[in-house]
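Participant: Got chain A sorted already, so can you dock chain B onto it with the hints?
There are 2 protein chains.
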Amino acid sequence: MQTQQGLSEIVPELVQVNDEIESILQKGVKNHLGSSQPFFIDKRGKKLRPALFLSSAKIHWQELTELIPLAASLELIHLATLVHDDVVDNATLRRNMPTVNATKGNKIAVLMGDYFFSKAFSLLTTVGNMEIINLLSRVVEEMSLGEIQQQIDAFNADLTEEEYLQRIRQKTAQFMASCCLAGCLTSEAPEDLKVTLYNYGLNLGMAFQIVDDVMDFKSDEFQTGKNNYSDLRNGVITLPLIYVLRTSPKSGLLRKSIQDKGPKTIEIERLLEEVEIDKGLAYALNVADQHIEKAGFFAGQVPSKPVMETFQAITHLIFNRAKQ
Amino acid sequence: MQTQQGLSEIVPELVQVNDEIESILQKGVKNHLGSSQPFFIDKRGKKLRPALFLSSAKIHWQELTELIPLAASLELIHLATLVHDDVVDNATLRRNMPTVNATKGNKIAVLMGDYFFSKAFSLLTTVGNMEIINLLSRVVEEMSLGEIQQQIDAFNADLTEEEYLQRIRQKTAQFMASCCLAGCLTSEAPEDLKVTLYNYGLNLGMAFQIVDDVMDFKSDEFQTGKNNYSDLRNGVITLPLIYVLRTSPKSGLLRKSIQDKGPKTIEIERLLEEVEIDKGLAYALNVADQHIEKAGFFAGQVPSKPVMETFQAITHLIFNRAKQ
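Protein chains in written order, with the numbering used here: chain A, 1 to 324; chain B, 1 to 324.
Just so you know, these hints were derived from the structure itself, not from any lab.
Heads up, the beta-carbon is just placed ideally off N, CA and C, and yes, glycines get one too.
Any given hint might turn out to be false.
Stated by the list, open to error - Some chain B residues close to chain A (C-beta under 10 Å, calculated; not the full set):
{"no.": "1", "residue": "L124"}
{"no.": "2", "residue": "V139"}
{"no.": "3", "residue": "S144"}
{"no.": "4", "residue": "D260"}
{"no.": "5", "residue": "Q312"}
Unchecked claim - Some chain B residues near chain A, calculated using beta-carbon distances under 10 Å:
{"no.": "6", "residue": "V88"}
{"no.": "7", "residue": "D89"}
{"no.": "8", "residue": "L93"}
{"no.": "9", "residue": "S118"}
{"no.": "10", "residue": "N134"}
{"no.": "11", "residue": "I152"}
{"no.": "12", "residue": "S230"}
{"no.": "13", "residue": "N234"}
Chain A on its own, in the form it takes in the complex:
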């Protein structure tokens, strides 16, 4: 199968990334906290960001082993944002496991996120490429501003689609784009390849976040691995809601409920049925599809067949997730 073939290209390196992160967790956190009580970090995610970075680097740089610390630092930045997001959202479930704040409390979760951020930057400096450090520190800065903006926009039923798209670019898509670009910066990649890969990552990231926001409306926590309706409960307005608030003739009750600082859990399903949220979900998935298509277009321009196949496989993963 093409999809699996594509992904298998970088599996050995991703295993090394996993080992690096495990050793960091062991030294920095588990030795202190004890590992008796598992939490979500024990169940590894897709390592999408290291995969994007390593694949991009592979186009001109066959020896990936010395890039493992940098790849691990990208995953650590991602983990740091997840751990802090879960504090901010009072989330108890991620990847079908308890969150750090649920298991160890908010205090440890705040500090563990800080440790991941700082460890990521100290790993970044081991590679010693100033352009990459510069790129990533700016991306992390943008991500945190995007998260602050999301808090400020909480319970704002007038948020526009444009504002939403700007926010997810800032908090998700630019990071994925920069993982690809960072891969290029490890070698002497030509300018047009940098542009192609950045645009691939940007569109992949936009699609990824829109699909993630759609998943929040799925009522099956086991399937999503996270608390459902978490966004809505925390007043985070996403594309499906923006669509129905704009178009549904019955959106008044939902608008009022949001402005009253979030619907109660018991009301949510009824409210969403009332405004025909399915239309909003379909609309959002259509926007995601457009980004997936663009990502596929840019992936198709990659001048290395194995890397092209990896990128197409990753694009398919997002596409399949959208169809769940």
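Facilitator: The following block gives chain B in isolation, referenced to the frame of chain A:
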């Protein structure tokens, strides 16, 4: 007066650091949050870390203007840790003003701390000295591990003086030492000067933290500018307590109260009187004095009279704070 003379040497640069931070706050936070409600960051601190860095750099590098972003990044790292510490400690007061968590809530405080950290690293890269970035990212990593250790040690009445000293070295003193060392790294400072300045900063930092921990026992919130007995209430065991737990014949009740997860506010003053906390405070200040003396010794070795005077002035500030 020698003290004022010493400090006035770098006042113009510290004003520039203030302006840099104000512009960062304005762009990144205040424009989003509105500045109607002041919080502690509006009342600037001593900017001790930028002062250590700039003074150290001044020994061999007369033109400090281009080092302002780096100096600001040191203060931002410090601010980030304060904002997150206040979340972790549920503190409501700092520098006699409401904390960020008290004013804007825990969510914004977590994200604002993240923004300060990431902005600090992106400023660091503007100067482009890899050795400095490497040094500081490792220090921030150590600081976060020190903070995690402090949480793990919470309510541990058996914490030893050695463990306490190790923790404050990790969470406070190494950062100050590294601010001095970073100043050396901006120029071709000889190795022995690096060692001298590192040891100056390390001893200054140890004294600073011990005095800070003593201040937590002062009952006058206006004088300290922070909530009093915050450490004790959060189970953070510091040197005065370690001393009385070890030596006071009446320490049993205090020990039990700590093991029962912290004395109630109403009990604290009576409990502390019972164990004669004054002896613990005097003991801690004596340890601080030893570090102040060592800091003074290293400051005296600095081969630039104006910088030597600045360091001596800073040492005096800590010394005077201890005598309050």
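Participant: Now look at each hint and say whether the structure bears it out.
Facilitator: Tested hints:
no.: 1; hint: L124; result: holds (7 Å)
no.: 2; hint: V139; result: holds (9 Å)
no.: 3; hint: S144; result: holds (4 Å)
no.: 4; hint: D260; result: violated (18 Å)
no.: 5; hint: Q312; result: violated (32 Å)
no.: 6; hint: V88; result: holds (4 Å)
no.: 7; hint: D89; result: holds (8 Å)
no.: 8; hint: L93; result: violated (18 Å)
no.: 9; hint: S118; result: holds (4 Å)
no.: 10; hint: N134; result: holds (4 Å)
no.: 11; hint: I152; result: holds (5 Å)
no.: 12; hint: S230; result: violated (13 Å)
no.: 13; hint: N234; result: holds (9 Å)
Of the numbered hints listed earlier, those contradicted by the structure are 4, 5, 8 and 12.
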